[in-house]
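Now for the letters of each chain:
Protein chains: 2
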Amino acid sequence: MPKLTDVPKRILIGRALRSDRLGETLLPKRIALPVFASDPLSSVAYAPGEVLLVLSIAGASAYHFSPWIALAVVVLMFTVVASYRQNVHAYPSGGGDYEVATTNLGPKAGLTVASALLVDYVLTVAVSISAGVENLGSAVPFVIENKVLCAIGIIVILTLMNLRGVRESGKLFAIPTYIFVTGVFIMILWGAYRGLVLGDTMHAPTAHFEIKAEESGLAGFALIFLLLRAFSSGCAALTGVEAISNGVPAFRKPKSRNAATTLAMMGTLAVTMFCGIIGLAMATDVKMAEFPAKDLLRDGVPVGEGYVQNPVISQVAAAVFGPDTFFFVLLAAATALVLFLAANTAYNGFPLLGSILAQDRYLPRQLHTRGDRLAFSNGIVLLAGAAILLVWLYGADSTKLIQLYIVGVFVSFTLSQTGMVRHWNRHLRTERDKAKRRHMIRSRAINTFGAFFTGLVLIVVLATKFTHGAWVALLGMVIFYGTMSAIRRHYDRVAEEIAAAEAPGPDSVRPSRVHTIVLVSKVHKPTLRALAFAKLTRSDRLEALSINVDTAETKQLREEWERRGINVPLKILDSPYREITRPVIEYVKGLRTENPRDVVSIFIPEYVVGRWYEQVLHNQSALRLKGRLLFTPGVMVTSVPYQLESSEVAKKRDRRRAEWSAPGSVRRGPVDTRPKKEPTGKS
Amino acid sequence: MPKLTDVPKRILIGRALRSDRLGETLLPKRIALPVFASDPLSSVAYAPGEVLLVLSIAGASAYHFSPWIALAVVVLMFTVVASYRQNVHAYPSGGGDYEVATTNLGPKAGLTVASALLVDYVLTVAVSISAGVENLGSAVPFVIENKVLCAIGIIVILTLMNLRGVRESGKLFAIPTYIFVTGVFIMILWGAYRGLVLGDTMHAPTAHFEIKAEESGLAGFALIFLLLRAFSSGCAALTGVEAISNGVPAFRKPKSRNAATTLAMMGTLAVTMFCGIIGLAMATDVKMAEFPAKDLLRDGVPVGEGYVQNPVISQVAAAVFGPDTFFFVLLAAATALVLFLAANTAYNGFPLLGSILAQDRYLPRQLHTRGDRLAFSNGIVLLAGAAILLVWLYGADSTKLIQLYIVGVFVSFTLSQTGMVRHWNRHLRTERDKAKRRHMIRSRAINTFGAFFTGLVLIVVLATKFTHGAWVALLGMVIFYGTMSAIRRHYDRVAEEIAAAEAPGPDSVRPSRVHTIVLVSKVHKPTLRALAFAKLTRSDRLEALSINVDTAETKQLREEWERRGINVPLKILDSPYREITRPVIEYVKGLRTENPRDVVSIFIPEYVVGRWYEQVLHNQSALRLKGRLLFTPGVMVTSVPYQLESSEVAKKRDRRRAEWSAPGSVRRGPVDTRPKKEPTGKS
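Residue numbers (the UniProt record's numbering), protein chains in the order written: chain A, 1 to 683; chain B, 1 to 683.
Be a bit skeptical, because a hint or two may be false.
No farther apart than 30 Å at their CA atoms in a straight line, the calculated lysine-lysine pairs in the DSBU-like style are these [unchecked claim]: (1) 571(B) <-> 555(B); (2) 436(B) <-> 400(B); (3) 535(A) <-> 108(B); (4) 651(A) <-> 571(B); (5) 651(A) <-> 525(A); (6) 525(A) <-> 626(A); (7) 571(B) <-> 535(A); (8) 626(B) <-> 571(A); (9) 652(A) <-> 589(B); (10) 555(B) <-> 535(B); (11) 571(B) <-> 147(A); (12) 626(A) <-> 108(B); (13) 535(B) <-> 589(A); (14) 651(B) <-> 626(B); (15) 555(A) <-> 535(B); (16) 555(B) <-> 626(A); (17) 589(A) <-> 555(B).
Examples of chain B residues lying across from chain A (beta carbon under 10 Å, computed) [unchecked claim]: (18) 367; (19) 526; (20) 533; (21) 608; (22) 638.
Calculated directly from the structure, the hints in this document are not laboratory data. Just so it is clear, the structure is predicted and the values come from calculations on it, not from any experiment. Idealized CB from N, CA, C, for every residue including glycine.
Looking at chain A on its own, in the form it has when it is part of the complex:
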């Protein structure tokens, strides 16, 4: 029965889907595009500005290099898109870069990619939210005045939404993304029309500013280094392109072809918007500086600490539509919204990758359950915590955060493309069909170029950004890598320890008899049930055991035992210190010493309650006793539950929780069919 409060939610995000009906929702291309592209498309909101910002170090005159840098980004984008089109055809199962690298380059490469992607998800949140706040701030001054607070607030809201498991639908992504894309295109076209046809001169708010060059008269190697740094920053436009290769199963058939087409559409849109914004920025004389307070001059005087440097997209919009017009505000809002959606994709990607890693035993096994709420929550909280830390440390400054961002992406691009080259090599060794071979050779060429180019960019990024913050991202990767290999080593060690001998040989002492003990404190329903159940499992010896912590109670117990004529012998152990655990453990150990081949089976009546504070009031002694008993060899512990009335509360809560389905299912598509390459142990 739907709750009344569900109605607005349903209107907003579509009809709630039970996870087992999810199999029927596959994405048409027009929905898949916004679902997967909010991350790469939104990056055009900050990438062009970053290019100008770095160039400004050499003074405003260096801005004339910006078209060349844009061209380099365009070439790179097409290379990457072309490369990933090969991926989606070769790996339609949606394994993504991690699978490609693991399969073709081995587990270490795979784990490196995974570490890079995990770091990347954290940065996607930090960068997108910070940029979103900056864009929103260009229309709403309050937001920019309380930048860090607003950014953290939005992360917290996103986190809570994802923890609650607000279900997403394609529409949720489609509307803002299409508004944003349309808005940017209208801006570009209207700007071009005004400039080229009407001959208007449009001025950005910073058009009359001057830039004081940090390093004037740069030439030779220094200039090239600066241009490479600007290019590295522009590469931020490429983040998120790889997402589609994880999401192939979510597409309608023919899945791979549709995914490849969507990828091409996304690339085209992204580069067009990127170039359009750079072009408009040139035309409207936008001025941006890395350190605006001292390097931006208004009437020859530095603008000072109070100055807020608005994002390039908002400055261009102000020039084209006029500041604070309806279109200006609409575009600022749409930009912010798309950036927040981009951040949200990391909330889906992070736990999803976590579950794949868990399947390969790099993370705790229980995470591998699809949509496991607890595992999902842990991932979400870890992601949000790391992102909040970064936002706080870097003052929600997208420019500073971007220095960290691109390393991870290009590590995973390069390794994935290298893996693809190996993939084709391997297939070419066995493939005999001429047409197919030709196709493969072509794909290999594309991937080889992709690997080479992205590898080059990775080196450029590392060289130009290392001291600016890329080391932080690398450190993060090393931490993830180290933790995950340690977990894997632990699982491997345990798997070895528990491996059963191949021949069913003589397993030391074979158990022969069962001695059953029912723990009793009073004669009440839970005890009677435990006794009844213990009798049903026919053991060789059955006795009831009670600890005398209170003489009066024990006397009463003994009397009632006899009065009711319970035909199980009652053994009483003294415990002057009112301990429960120690006497029981010692008694059990004694039994085992007398008869080493006996197995001792201990029945503990357990109260099942519904509320956490009731849990505190019950079973604590039983739980602790159980914990200790498990360390004693030759023992098994049976909990006989007695459901108190309040347990109904928990049942209802469980039912509600069972209906929860992990956010991100739209992107993941129906039931995961990723095949396992190697059988692995389980625990």
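Use these hints to put chain B onto chain A, whose structure you have.
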């Protein structure tokens, strides 16, 4: 084998005692006195000052009332000591005020006393530590400049010591307490000798100060009210007197008589020191004001915010021994140390009272285990947290904190003495022996006077201190009272719900057969052990169940099952979402629906590991499944442990922990023999 690091500890606090050898350590009077008296004796370090402080409101001339107030405190002290001497004879079991009130006035009065005592323990810590820091600060300026920080630091150190379970010995208390008492007596005697015999005029550091009266020319009712307030503050000297009545079992025989004698000694010492210090303060012209910054004048000018008002005991010591002399510093250090010891007694008393309350089901049952480490830790942390909060809120100002202090003590004094009157009345109804009757009538007279006098003081305290902070203490009591009655109501409700029917009637559907299911993920040693144990407990039907979360693994499992010829049928359930819990629950529910009289017994192989992070890596699915299964009626869950090598770590840790004995055992004496008045349920 003792660790090397144990050696200094052993030298410091005596040979470590295993708790079961504790029975042999009983306290001789010379050790019992410091063990129990550090709290009441240490209060002479602040109580006299508080009297002067309140009197100063009417100006320095009001100081001439101080001997009369001291006299009233002395009379009250003798009354209380005389009353409690009756208690220790009548209740040698060490139940204390809570037991006396519960037995004679009913559970509500008992719970009120318990709440008052719990609040009191918190305040003992807050007040003693603050006063200790002030005394230490009179010799070490750094301490007083960072008062709150130092006070909280010392609370944290005490807390850690108590959490670690540093064992106490009588000597630990004896040495500082005797140094303190001797020091104070030397001071009083030397002061008297100098003043009366040598005719020296001694000047306290504040002797030449003047006091600006807050209210000058007080008379009539206003004056009486002020004197009553001063008396209330002086009553702080009585806190902790009741402690001996809890500790009678710790005394050597004849227990009650020795306890009574110790009580008398303690009372005599306390009042002598109290009066001596007041007398010396008069003789050396000590000036103290409630608001020294504005009401203390030096050469006619207020001393201002920077002025630190040293405790009266330190001012007197400065006058008698000279400031910063060896004796002055020694006395300051001994005073501080005794005050910290007094705070430490609350760390013992709080969990001890908690365990008694748990026995009566006012607190979670597991707390009733004597020396249960976890329960003890919870109590300690709660106590420390509340004390730190108070110290922080009140700026570690002992004068402000004392306003809250005395309410709890006098609530428990009054109720306990009233209970004693009822106790004698009841006994007089049946007692026929003339001598005994005479004795009882005498005791009743003492207790009646005690009840009347302490009740009167309680009213005075409430009237004079309510707005000054006593309401905070009352609020604390109400919170404790409310929480504890709610817990008791919960236990009573559950006890009713689970009470077994008197006649062994037809218990709805009687279970008839057992269907055993062994959960299997792979064929390894833990699984094989679970299968072996399951076979031993002969059930009507036995099958192995595996969830197909990974097709390759499942295939491998099925093959290995056949290759090994395991003669248990293997059932495989599909789980497209890689869930474990849901398919199992649904399968079990299905079985129950088919055969409602079957009991389903589920065997889960459980890995036993030694470290917490390993626990995170294993058993999580099993634990969650178990949690859900317990909500299903007609199910029992058996854990078959498999001890991994790392479990040895935990075994060693457990062994170390088992040797832990709760601090406070010196005061509690050997095994608690407190008889239970009414049999109670247990859970």
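A quick look at each hint next to the structure:
1. 571(B) <-> 555(B): Holds. Residue 571(B) to residue 555(B) sits at ~12 Å (cutoff 30 Å).
2. 436(B) <-> 400(B): Violated, at roughly 47 Å.
3. 535(A) <-> 108(B): It is violated: about 43 Å lies between the C-alpha atoms, which goes past 30 Å.
4. 651(A) <-> 571(B): Holds: residue 651(A) and residue 571(B) sit about 27 Å apart, inside 30 Å.
5. 651(A) <-> 525(A): Within the cut-off at roughly 21 Å; holds.
6. 525(A) <-> 626(A): Holds, at about 21 Å.
7. 571(B) <-> 535(A): holds (26 Å)
8. 626(B) <-> 571(A): Measuring from Cα to Cα gives roughly 29 Å; hence the hint holds.
9. 652(A) <-> 589(B): holds (16 Å)
10. 555(B) <-> 535(B): holds (24 Å)
11. 571(B) <-> 147(A): violated (58 Å)
12. 626(A) <-> 108(B): violated (36 Å)
13. 535(B) <-> 589(A): holds (22 Å)
14. 651(B) <-> 626(B): holds (24 Å)
15. 555(A) <-> 535(B): violated (37 Å)
16. 555(B) <-> 626(A): violated (34 Å)
17. 589(A) <-> 555(B): violated (40 Å)
18. 367: holds (9 Å)
19. 526: holds (6 Å)
20. 533: For residue 533(B), the interface hint holds, since the closest Cβ of chain A sits about 5 Å away, which is under 10 Å.
21. 608: holds (5 Å)
22. 638: This interface hint holds because 4 Å falls under the 10 Å limit.
In terms of the numbered hints stated before, the structure departs from hints 2, 3, 11, 12, 15, 16 and 17, listed from lowest to highest.
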